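Asks: Read off the chains here:
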Amino acid sequence: MIRTLEQGLAEAGSEQIFSERTGLVPLATRPALTMVAALNAALADALDTDPRVLVFGEDVGTLGGVFRVTDGLAARFGEERVFDTPLAEAGIIGTAIGMAMNGLVPVVEMQFDAFAYPAFEQVTSHLAKLRNRTRGRLGLPIVVRIPYGGGIGGVEHHSDASEAYYVHTPGLRVVTPGGPADAYHLLRQSIACADPVIFLEPKLRYWSKEPIPADPGPAIDRAVVRRAGRDVTLIAYGAMVGTAMQAAEAAAADEGWDVEVVDLRSLSPFDDATVAGSVRRTGRAVVVHEAAGFGGYGAEVAARLTEQCFHYLEAPILRVTGFDIPYPPPVLERHHLPGVDRILDAIARLQWDDRA
Amino acid sequence: MTPPSSIQDRVDAALPPSADPLALIDPDGHPTGTAVLDMPPDQVLRALHRQMVIGRRLDTQATALTRQGRLAVYPSSRGQEACQVGAVLALREQDWLFPTYRDTVAVLTRSVAPAEALSLLRGEWHCGYDPNVCRVAPQCTPLATNALHAVGFARAAQLKHQDQAALVLVGDGATSEGDTHEALNFAGVWQAPVVFLIQNNGYAISVPLAKQTAAPALAYRGVGYGVRSMLIDGNDAAAVFATVRAALGRAAAGRGPTLIEAVTYRVEAHTNADDAARYRSAAEVEGWLARDPLRRLETYLCDRGLLNAAALAQISAAAEQQAAQVREAMSGEVDQDPAELFAHVYAQPTPALAAQREFLLAEIAGEGDRP
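Residue numbers (the working numbering), protein chains in the order written: chain U, 1 to 356; chain H, 357 to 727.
Hints in this document: simulated from the structure, not taken from any laboratory.
These figures come from a predicted structure and were not determined experimentally.
You may find that some hints are simply not true.
As the list claims (entries may be wrong) - With beta-carbon atoms standing in for the labels, derived distance ranges:
no.: 1; chain 1: U; residue 1: V155; chain 2: H; residue 2: G580; range: 49 to 57 Å
no.: 2; chain 1: H; residue 1: Q450; chain 2: U; residue 2: V340; range: 37 to 45 Å
no.: 3; chain 1: H; residue 1: A566; chain 2: U; residue 2: V155; range: 38 to 46 Å
no.: 4; chain 1: H; residue 1: A703; chain 2: U; residue 2: V225; range: 20 to 28 Å
no.: 5; chain 1: U; residue 1: A273; chain 2: H; residue 2: T416; range: 53 to 61 Å
no.: 6; chain 1: H; residue 1: P564; chain 2: U; residue 2: I325; range: 38 to 46 Å
no.: 7; chain 1: U; residue 1: D324; chain 2: H; residue 2: A703; range: 53 to 61 Å
For every residue, glycine included, the Cβ atom is placed at its ideal position computed from N, Cα and C.
For reference, chain H alone in the conformation it holds in the complex:
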């Protein structure tokens, strides 16, 4: 019932991850020359860069919208663009993404409409998009629970002999949750076509990684479950893309799941409602800003003549245009039909819910009547 993985694949799955995070482009924008990963083609690197510029602009826009009261809350992924964009562009059309609340940029990169993607954080509806359209599961708030959904989804693809894989995003904090461990174990036993991407951004709200685990790296989580494990530089979009792409290909070919720990940093606070100064120093943040994923790729591309000022200006203009569209989409009043509350609790409304719906509508209709 489980496709036979080769002995080499099984051996790979038992190996610890690399001691240091793998990178293709170093923080200064120079190629590392590693032979372990394949440098993506130039046009892929340009696409990664363009989406990262747009993603960062939309992330900044969303944070700004919280200050204007247009969004209830926004968990920024600023500084994590290489992960969000690199992983999503690595997906094939038929694959599914299982994101968390911090992965709005990933969801947008998959081309979910911004107004639909932000519906959750606007307080409009729990999931504003149709998951089937872009093959993106609802953004998941309960930590690590989406990892099991991804494994089950991948298992179904395997049982149906469909060429399809699942990519699940989790954070460093989520790796302490039991569901992460159960998901890795089920994925290993079933050899399910699933890829786990841990975005290790250093903090679970305020709790630093050192209080989360005693392991040398989160990537070691996979070894005990027979899941191939890799440790990469999460601020190197080329490395993220190359690693996730290869892992998805292996998974879909029946060669087993992969766990990838991508080391990155959450530049902003947990959300707009959080005060990061209470638990980390400005110097620490400065150090990570020097490792900025966007500037790294931009330097690499400019050095190689694949980008210039004119191209950058065009990309920037495209990002501004999309940000303006988001502002426009968020400018109207939120207008939800209260009757919707009862519409999708069950496939068919129960008599009791139909009665509660009538009660609420009558109450609303009578609101003006009371003195």
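One chain only, chain U, in its complex shape:
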């Protein structure tokens, strides 16, 4: 039976925001899933457990989303919970804000990174600020899902890494999973979060596959050491976590470097303790992201770590990023995106010869 919103609200009997990490375990034991399927499962479980949750956007209903992340949800939960909207991104986020003001928890989809830009004013002037403007009287527990980044042969406007625009806006949380398991848990945590969350989904990893553990793992705002190592810290997020892991394995096999990989997960707020802790242990760090380097997120990471870890550093913190160019056409994108070799080259430049 489909649970109507009205009925569900009566069952829940409370307008309170769920505290983080409460009731967020997966509703079923799940074998290896793709990231698309993991995100779909997270949305389904959130819709199932919280009657205030709505899922809407362009093509998310009948079609199930252009990447099929919302596949089957409209049929299962009904068109009052999961629905298509007119094709207008400011309209989607602007109306989500009004719905959240009236007690609902919208999870909206921007179809592609660059297609989210029409909603920029609603995001920066309202989504990020309403809690502050009203001194906590009106919070906006909204999740904005954005498939982002390149590497899938997308034509123009389908491959932007747009995280820097959002992290520069206080009041927003910006998170991105590196793989399917984290995609499930991070999305559940984002939906349960009382703050607005920009949820960046790395398109390149949509079809990667792994089991989804029942343990929700770290909280929404924590970074994770994905691979322990002694010599150098690779700091990555989103699609680049996988690339950094490959680079770490290659470094161990080819050069004998013992590389630690930190998956940031939460770009804002930044988990200073975990990341600085790693860099203090290794004394060397490389930040990897696919967005342009100039004015990019890696600059913030490098600056913070320099401020916090200066006396532990054996070498300047380096960045491996996309070039400072508009996102290239598909036949050239492999030259733009950081790859294993470029990361290994950066590690090689970390002044190893100076080591006493």
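With chain U fixed as given, assemble chain H onto it according to the hints.
Replies: Then chain H, alone, in the frame of chain U:
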């Protein structure tokens, strides 16, 4: 998922607005005798009049406070009282108002405390009132963005099967913004219980309506979106009340949204910092003063024996008393706790913000120490 509107409602939504603005009371205070709108009951007209007198007095008071440096800035709505008061008194208790920065009189009419309503313009905090108390969203500065919030709010009421509607106020300039069009479109598709009231006061700061649109009237904006559209005399409080009241009732009954263009005039400059003489003539302003919304209703009520000199004196005294309360509330020094800057950025302060808070407090504590 969208409630079925009747065929008649759909036909209504496709019709252009009236050629001329609808009015119940003409500029001289005489009933127009129109059968299109229902004249509100006498006690409603008296309530409208009383709130308009008070609203105008508070508006004048706020402008005066800018000259004394007590308010950073004030966008006056003098001349627009029929819209501000007529629309707000048409709201039911459970409905929500989505105002702009020029709608302070509307916010006050909804009974937000003046000191809280003026907090924004005093530079004290971005929104000084709790929106949940009077069901008034924060006064919105980015043009037309509040229209989408109202549609979303109304959509949520519809999904929750709540008897609740949203009223959003926008200006003529805001109808050129994309958000107005997206809001009308979403409202039409969802048949959301929302009413759009455009206060067409002739100018977007300095830019006249003729440079804003080529349409015969802004009310035509609704037709293309399947939203019922009406053009009314915005200086006739009876017409504003009757139109908004009926539209809210229709909306809440699942009969779809309404767009109302109310033709009015901004008698003062954009704000106290603006010089209107640079873009409009004194003769034009004089012409509109002759169409004053307050005098119009007052004449109508006095002619019908519903108001007299004694009653007017009492209303005036009540307005003076409220103005004095505003002066009193604004007389003290603005005293904000700097620690508040970090309190409501996120639901829980982040470690980084907690550190910045400590940094600022230490800096303030040490301010006296420096030579």
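Asks: What hints, given by number in increasing order, does this structure fail?
Replies: 1, 2 and 7
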